[in-house]
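Letter by letter, the chains look like this.
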Amino acid sequence: MRIIMFVLCALLAAAAAGRYQAEVQVKQKRAEIRTLQADKAREAREIQILRAEIAYLESPERLERIARENTALKPVTGAQLMTADDFAVALGGPAADAPAFAAPAPTRRRSPGAVPQAVAMVDASTTP
Amino acid sequence: MFARRPRPHVFIIAEDPNAQSAASRGVTEGALDPHRARRLERARARIGMCAVLFGCVFAGLAARLTTLSLEAPDPAALRVAAAPRHAERAEILDRNGAILATNLPTRALDVAGREVWDAAETARELSAVLPRIDERKLAAALGAGRYVEAARDLTPEERDAVFALGLPGVHFRDRLKRYFPHRDVAAHVVGHVSPGFGGTPEGVMGLERRLDAEKRRAGRPLVSSIDLQAQQAVEAELARAVDKNHAKAGWAVILKVATGEVIASASYPDFDPNAPGAVPADARRNRVTYDTYEMGSAFKAVTAAAALDAGVSDETTIYDARKPLRVADRQIRDYRGKRKLMTLGDVLRYSSNIGIAQVAADLGVDRQRAALGALGLFDPLAIELAETQSPRGPRKWGPVEAATISYGHGFSVTPLHLAAAFAAVVGDGTYRAPTYLRVDGAVEGAPVFSDKTAIVMRRLLRGVVTDGTATKAEAAGYFPIGKTSTADKPFAGGYDRSRRLASFIGAFPGHAPDYVALVSLDEPTPVEGTFGFATAGWNAAPAFSRMVSRVAPLLSVMPVSEGEAYAAFAFPSLGARRAAVETPEPRRKPPGRTPRASADAAPTLQ
Numbered sequence: 145m146r147i148i149m150f151v152l153c154a155l156l157a158a159a160a161a162g163r164y165q166a167e168v169q170v171k172q173k174r175a176e177i178r179t180l181q182a183d184k185a186r187e188a189r190e191i192q193i194l195r196a197e198i199a200y201l202e203s204p205e206r207l208e209r210i211a212r213e214n215t216a217l218k219p220v221t222g223a224q225l226m227t228a229d230d231f232a233v234a235l236g237g238p239a240a241d242a243p244a245f246a247a248p249a250p251t252r253r254r255s256p257g258a259v260p261q262a263v264a265m266v267d268a269s270t271t272p
Numbered sequence: 022m023f024a025r026r027p028r029p030h031v032f033i034i035a036e037d038p039n040a041q042s043a044a045s046r047g048v049t050e051g052a053l054d055p056h057r058a059r060r061l062e063r064a065r066a067r068i069g070m071c072a073v074l075f076g077c078v079f080a081g082l083a084a085r086l087t088t089l090s091l092e093a094p095d096p097a098a099l100r101v102a103a104a105p106r107h108a109e110r111a112e113i114l115d116r117n118g119a120i121l122a123t124n125l126p127t128r129a130l131d132v133a134g135r136e137v138w139d140a141a142e143t144a145r146e147l148s149a150v151l152p153r154i155d156e157r158k159l160a161a162a163l164g165a166g167r168y169v170e171a172a173r174d175l176t177p178e179e180r181d182a183v184f185a186l187g188l189p190g191v192h193f194r195d196r197l198k199r200y201f202p203h204r205d206v207a208a209h210v211v212g213h214v215s216p217g218f219g220g221t222p223e224g225v226m227g228l229e230r231r232l233d234a235e236k237r238r239a240g241r242p243l244v245s246s247i248d249l250q251a252q253q254a255v256e257a258e259l260a261r262a263v264d265k266n267h268a269k270a271g272w273a274v275i276l277k278v279a280t281g282e283v284i285a286s287a288s289y290p291d292f293d294p295n296a297p298g299a300v301p302a303d304a305r306r307n308r309v310t311y312d313t314y315e316m317g318s319a320f321k322a323v324t325a326a327a328a329l330d331a332g333v334s335d336e337t338t339i340y341d342a343r344k345p346l347r348v349a350d351r352q353i354r355d356y357r358g359k360r361k362l363m364t365l366g367d368v369l370r371y372s373s374n375i376g377i378a379q380v381a382a383d384l385g386v387d388r389q390r391a392a393l394g395a396l397g398l399f400d401p402l403a404i405e406l407a408e409t410q411s412p413r414g415p416r417k418w419g420p421v422e423a424a425t426i427s428y429g430h431g432f433s434v435t436p437l438h439l440a441a442a443f444a445a446v447v448g449d450g451t452y453r454a455p456t457y458l459r460v461d462g463a464v465e466g467a468p469v470f471s472d473k474t475a476i477v478m479r480r481l482l483r484g485v486v487t488d489g490t491a492t493k494a495e496a497a498g499y500f501p502i503g504k505t506s507t508a509d510k511p512f513a514g515g516y517d518r519s520r521r522l523a524s525f526i527g528a529f530p531g532h533a534p535d536y537v538a539l540v541s542l543d544e545p546t547p548v549e550g551t552f553g554f555a556t557a558g559w560n561a562a563p564a565f566s567r568m569v570s571r572v573a574p575l576l577s578v579m580p581v582s583e584g585e586a587y588a589a590f591a592f593p594s595l596g597a598r599r600a601a602v603e604t605p606e607p608r609r610k611p612p613g614r615t616p617r618a619s620a621d622a623a624p625t626l627q
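Protein sequences appear in the order of chains A and B.
End of the first sequence sits at 272 in my numbering; the numbers just go up one at a time, nothing left out.
End of the second sequence sits at 627 in my numbering; the numbers just go up one at a time, nothing left out.
So here's chain A without its partners, still in its complex pose (with noise of 0.2 Å):
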């Protein structure tokens, strides 16, 4: 009976040990949980804050006035766009297979841009 109340003594102490032993590692695990989660909610603050910062910084309206003020610098228009086929071609390469379709060029003077009659001449023609 002794040995048993010795051995049941020394798990009691062994217990005891162990779980004050765990405890203050909890405490420990804890508080580095607390600090993990500071620094996270820290970071992904700052996180944020950076991004606010470059969206306001690369908003197109800052960038057009800073743009306006610093530089010669307009939009970009239609007109100064071309595809890779129109660059070969400014460079002196071929030019694209034109469509068989294509309108001839209009033979006589009119609007910028305005659909010339002898597109509609065309297609009269073909039409039996």
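Treat each hint with caution, since some may be false.
To be verified - Stretches of chain B that chain A covers, calculated by requiring three or more beta carbons in the stretch to come under 8 Å of a beta carbon on chain A:
id, stretch
1, 73-80
2, 154-167
3, 436-447
4, 487-499
Please keep in mind that the hints were generated in silico from the structure rather than gathered at the bench.
Cβ coordinates follow ideal geometry from the N, Cα and C atoms, glycine included.
Once you have looked at the hints, place chain B on chain A.
Frame of chain A, contents of chain B only:
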């Protein structure tokens, strides 16, 4: 371990102090009386049972301790605990992912009146660090023992400065601030928020209000259909046009034909959602979706399309616009009329009220109403913004109303209504309801007109730009099509000729429209370079031109050569051309209205 083992009684008695006395008394184990032996046996059993019980309890505790020590924490619980408060309200993004509205974590400064030692000193020192604090009011509130929010949105420097004062009763509170990085860009679409109950922002208008309706939270951003760069370009050009023409206000909208997505939507004057109260309420009104107007001659395009589709008119039909047209008791006149016979193309090109009224008469009230209804012009738009409005039409729809509505008088719609209807007219004849949210994939829509009608309308509306009232709407490489509209503003009992609404609604690229754009100027005035005119061709059309020239490259719309565009205007596809060649359609005779007759000339393509 706790099993009972047989032991010699002598040994036990020798161990028992009582046994000593028993032995001294000359009593041996064998001499115990049976009653006493049973009691001893029972006591041993009880002790054993207690030991077993204690052992079980200790074992249980140890096991539990072990599991608690080894158990991994619940990740979900950690996530919730670590979730930042500022992420609660969802962000609003443009169609390309640019932030339109986000949350900024800030700190508010609270002061507890009951905790301060000296209210006057506290107020004085705080106002010295934060000049925006009213020292007198704060001192009075603290003196009364109240808990006061002294300041919001402290910068880190301000917080440090207040902290350094070391005042008792001062608390810093984490707070959400809704932030709109692009300020007035897309303000009417994004909307703004109010502080709300408990400091939680609540959407007041625009997509911010939509967020609350959807209860959308962090991690699920609301992706709008707006293209931020196009929106900024549209707003810049709109502001420029309004200022240049000394207009009272203006609005513009760009719609994607294939999906009905609103790519840009601007009202001017505008406001900064970060400080919505800094401007009058009028500046916060979304004129594109919330205001209804008699949009004027832009309706002629709708009327013409309905007539073409119904077969009561074609490109060769002639209308007499030589003199005013009398409909019942109403005399219909043209503004600076050409006083000549006109084709349908001429009617649109010169914006003839007389001609389009005849078209409407041929079309008939029922078919006109059906067409307008199919184009969504009778119902409020089912958009994602709360700022919507029902169109306003006549109570009675007779010949007079049919005539006036054919050129956009007596029927009020929002600008977005008109843009969506126009997209069906010049697109593929299909009506697609406009939306302020990004659409991934195709939108089927509801067919209203045939594809052929839309093709003819593009040709006719190209003539408006090349030789009609909108020559200043030209945009190199994009061959825009469209219609001007200069409408006198109605007032009680008639129309005020001195107050006008000048609009241009068009599409680009004209030969195969990807986008529809509408620009309106409210009460523009004649300015230098307009030769005394304040009509749409002199103000809205140039604004449209500049807008298209800037926006089209941003939307990756490549300019095309004249030959390519002409071919598309005349023959939208090789298949269509082949079909036209193989099965020529006989020229229709429109229902007789003297002196109407088919023109001998080829279809007008100017």
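Next on the checklist: Three residues or more, CB to CB closer than 8 Å: is that satisfied between the stretch 154-167 of chain B and chain A?
Outcome noted: violated (count 0)
Checklist entry - Counting residues of the stretch 436-447 of chain B whose CB is closer than 8 Å to a CB in chain A, do you get three or more? => result violated (count 0)
Item to check | Check of the stretch 73-80 of chain B against chain A for coverage (Cβ-Cβ below 8 Å, three residues minimum) | outcome: With 3 residues close enough to chain A, the hint holds.
Checklist entry - Are at least 3 residues of the stretch 487-499 of chain B within less than 8 Å of chain A when you compare beta carbons? => result The restraint on the stretch 487-499 of chain B holds, since 8 of its residues have a Cβ under 8 Å from chain A and three suffice.
Consistency note: the structure conflicts with the earlier hints numbered 2, 3.
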